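Peer 1: In case you want the letters, here they are:
2 protein chains.
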Amino acid sequence: MEIHRTPGSMQKQSQAWKKEGRSIGFVPTMGFLHEGHLSLMDIAARNADLVVVSIFVNPTQFGPTEDLASYPRNLERDLELCQSRGVAAVFTPEPQDMYGPEFQTYVTLEKLPNHLCGLSRPVHFRGVATVVSKLFNMVLPDVAVFGEKDFQQLAVIRQLTQDLNFPVRILGGPIVRESDGLAMSSRNTYLSSGERASALCLSRALEGASRRVKEGEIRADHIRREAEKEISSHPFTEIDYVTLCRPDTLEEVEVISGPTLMALAVKVGKTRLIDNAVLTP
Amino acid sequence: MEIHRTPGSMQKQSQAWKKEGRSIGFVPTMGFLHEGHLSLMDIAARNADLVVVSIFVNPTQFGPTEDLASYPRNLERDLELCQSRGVAAVFTPEPQDMYGPEFQTYVTLEKLPNHLCGLSRPVHFRGVATVVSKLFNMVLPDVAVFGEKDFQQLAVIRQLTQDLNFPVRILGGPIVRESDGLAMSSRNTYLSSGERASALCLSRALEGASRRVKEGEIRADHIRREAEKEISSHPFTEIDYVTLCRPDTLEEVEVISGPTLMALAVKVGKTRLIDNAVLTP
Numbered sequence: 001m002e003i004h005r006t007p008g009s010m011q012k013q014s015q016a017w018k019k020e021g022r023s024i025g026f027v028p029t030m031g032f033l034h035e036g037h038l039s040l041m042d043i044a045a046r047n048a049d050l051v052v053v054s055i056f057v058n059p060t061q062f063g064p065t066e067d068l069a070s071y072p073r074n075l076e077r078d079l080e081l082c083q084s085r086g087v088a089a090v091f092t093p094e095p096q097d098m099y100g101p102e103f104q105t106y107v108t109l110e111k112l113p114n115h116l117c118g119l120s121r122p123v124h125f126r127g128v129a130t131v132v133s134k135l136f137n138m139v140l141p142d143v144a145v146f147g148e149k150d151f152q153q154l155a156v157i158r159q160l161t162q163d164l165n166f167p168v169r170i171l172g173g174p175i176v177r178e179s180d181g182l183a184m185s186s187r188n189t190y191l192s193s194g195e196r197a198s199a200l201c202l203s204r205a206l207e208g209a210s211r212r213v214k215e216g217e218i219r220a221d222h223i224r225r226e227a228e229k230e231i232s233s234h235p236f237t238e239i240d241y242v243t244l245c246r247p248d249t250l251e252e253v254e255v256i257s258g259p260t261l262m263a264l265a266v267k268v269g270k271t272r273l274i275d276n277a278v279l280t281p
Numbered sequence: 001m002e003i004h005r006t007p008g009s010m011q012k013q014s015q016a017w018k019k020e021g022r023s024i025g026f027v028p029t030m031g032f033l034h035e036g037h038l039s040l041m042d043i044a045a046r047n048a049d050l051v052v053v054s055i056f057v058n059p060t061q062f063g064p065t066e067d068l069a070s071y072p073r074n075l076e077r078d079l080e081l082c083q084s085r086g087v088a089a090v091f092t093p094e095p096q097d098m099y100g101p102e103f104q105t106y107v108t109l110e111k112l113p114n115h116l117c118g119l120s121r122p123v124h125f126r127g128v129a130t131v132v133s134k135l136f137n138m139v140l141p142d143v144a145v146f147g148e149k150d151f152q153q154l155a156v157i158r159q160l161t162q163d164l165n166f167p168v169r170i171l172g173g174p175i176v177r178e179s180d181g182l183a184m185s186s187r188n189t190y191l192s193s194g195e196r197a198s199a200l201c202l203s204r205a206l207e208g209a210s211r212r213v214k215e216g217e218i219r220a221d222h223i224r225r226e227a228e229k230e231i232s233s234h235p236f237t238e239i240d241y242v243t244l245c246r247p248d249t250l251e252e253v254e255v256i257s258g259p260t261l262m263a264l265a266v267k268v269g270k271t272r273l274i275d276n277a278v279l280t281p
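Chains as they are written, first to last, in this note's numbering: chain G, 1 to 281; chain D, 1 to 281.
Just to be clear, a hint being listed does not mean it is correct.
Note that the list lumps identical chains together, so a pair holds whenever it fits in one copy or between two copies.
[To be verified] Computed cross-link-like contacts, SDA-like style, restricted to lysine to any residue with a CA-CA straight-line distance of at most 25 Å: (1) Lys111 with Glu94; (2) Lys19 with Ala45; (3) Lys18 with Ser179; (4) Lys267 with Leu68; (5) Lys111 with Asp97; (6) Lys111 with Pro95; (7) Lys18 with Asp142; (8) Lys214 with Arg225; (9) Lys111 with Gly100; (10) Lys19 with Ile170; (11) Lys270 with Pro235; (12) Lys111 with Pro122; (13) Lys111 with Pro101; (14) Lys12 with Gly172; (15) Lys270 with His234; (16) Lys12 with Val143; (17) Lys229 with Asp49; (18) Lys12 with Asn47; (19) Lys270 with Glu215; (20) Lys19 with Glu2.
Hints in this document: simulated from the structure, not taken from any laboratory. Remember, it's a predicted structure, so these values are computed and weren't measured experimentally.
Could you put the whole structure together from the sequences, leaning on the hints where they help?
Peer 2: What follows is the structure, encoded as structure tokens:
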């Protein structure tokens, strides 16, 4: 397995692979890998000749009060996991090689970030869109795979790929959950044991909503209130949002008339967790 | 010579050329080609296996009061000129195929547009940066060539290419002038014969400044005032800016201590003309 530490070295290798006619499947990550990430690597492997994983905790997608400094890292373990999954190359650059002193170019979206996480994380999706554009130009993938847990991120990336005509096919990977239902996240490591128990409120609220919609409930308001009740019944929880919206534009809906995204963001102690499900009547 | 009218068709052809190991030199234009454009094609041809020219009057780089509707067009003549210059493919898309109804992604720079033309054309460089990023992803060039007449545009494109890591080498082509000194521009066609005579004020002002700096003048203020005097002595002229600045950051200078960009924008009648020169002590 190759390890590339600079944009130039990664780009050169990718260009060489393309010249050989080999297709590249790409999984961008911030490291501290879990089964969710590994499932994305498997999807990439099934859709391309070789897999590249990036590990980069991207500073421009964190707000000033967010957890950039404390974000969990374990490169040695990450590299072992990538190797065990047959990854061809890991790209793990330093921030100063990604953002030089004259850096000033950003990729911004005008609509999709004005919903869900974008409301409480104002610079987040600008940072994501910019770093993903940079990574696409370094790794030159034919296919890139992103987790559906970050549903809004996936929507942003699909849109920017289409709008800027990147020659990349975007695939989503289904949410991977712990046996009790908690969606896997590198940030779960922040949770105390009491918080870990309360964190189940997210998947429980989604399960309840899914059941109610199957039973014929169509009032988004009602489903949202029931979810809020479920979440608030657990200690340490503080709701950021509970939203029912269109999966394509992320615009809120009042009536559930087709597949509807239910997205949650909840602080459990100091840890902000997200989860989502598409509810189908 | 191939003619591609959709992004998908262009991108597919470029991907095929790349797979064959052929390098692509790219000249993006808004058409109504003149000797300046043709000189860029020659530079592209010397630096790549084949040349692609795009002809697209990009709506997003025009402000609401600017000349989008009246911008001169002559596709038939443009295609003949490209053919005569040995161009491999012309890419001439329709606006609706470049910007679909859900289009919402822009490439923005935080510093370089806050000078020169960016001050009176607030959306211009966002439009340029976005369309060039899109064109790079469609044409997949190894080399792209831009005229030095649009000096700030060239600076913006160099910076975004570096910041977003596009695998493209950017080259500038020297300004091409009419025999009397007027910098070639598709917009020169707007000038009446009286305005055409007055339009010489730009190159004259630059020549005067160049001579003064060679003679030892180092006060930017003094050089600017002399240039303004020259321009104002011609009828139909209205100065937008006369600026002496650093060629890299475009920040204004007070003292000329090294190569200094002198950039001019002047309205001659209703036609806004630009010109520039690097003054060297």
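Peer 1: With reference to the structure, classify each hint as holding or not holding.
Peer 2: Verification of the supplied hints:
| no. | hint | result |
| --- | --- | --- |
| 1 | Lys111 with Glu94 | between (31 Å within a copy, 24 Å between copies) |
| 2 | Lys19 with Ala45 | both (19 Å within a copy, 21 Å between copies) |
| 3 | Lys18 with Ser179 | neither (40 Å within a copy, 47 Å between copies) |
| 4 | Lys267 with Leu68 | within (17 Å within a copy, 50 Å between copies) |
| 5 | Lys111 with Asp97 | between (30 Å within a copy, 20 Å between copies) |
| 6 | Lys111 with Pro95 | between (28 Å within a copy, 20 Å between copies) |
| 7 | Lys18 with Asp142 | both (9 Å within a copy, 14 Å between copies) |
| 8 | Lys214 with Arg225 | within (17 Å within a copy, 76 Å between copies) |
| 9 | Lys111 with Gly100 | between (29 Å within a copy, 14 Å between copies) |
| 10 | Lys19 with Ile170 | both (22 Å within a copy, 21 Å between copies) |
| 11 | Lys270 with Pro235 | within (12 Å within a copy, 69 Å between copies) |
| 12 | Lys111 with Pro122 | both (13 Å within a copy, 20 Å between copies) |
| 13 | Lys111 with Pro101 | between (29 Å within a copy, 12 Å between copies) |
| 14 | Lys12 with Gly172 | between (27 Å within a copy, 24 Å between copies) |
| 15 | Lys270 with His234 | within (15 Å within a copy, 68 Å between copies) |
| 16 | Lys12 with Val143 | both (18 Å within a copy, 16 Å between copies) |
| 17 | Lys229 with Asp49 | neither (48 Å within a copy, 66 Å between copies) |
| 18 | Lys12 with Asn47 | both (22 Å within a copy, 19 Å between copies) |
| 19 | Lys270 with Glu215 | neither (35 Å within a copy, 67 Å between copies) |
| 20 | Lys19 with Glu2 | both (18 Å within a copy, 23 Å between copies) |
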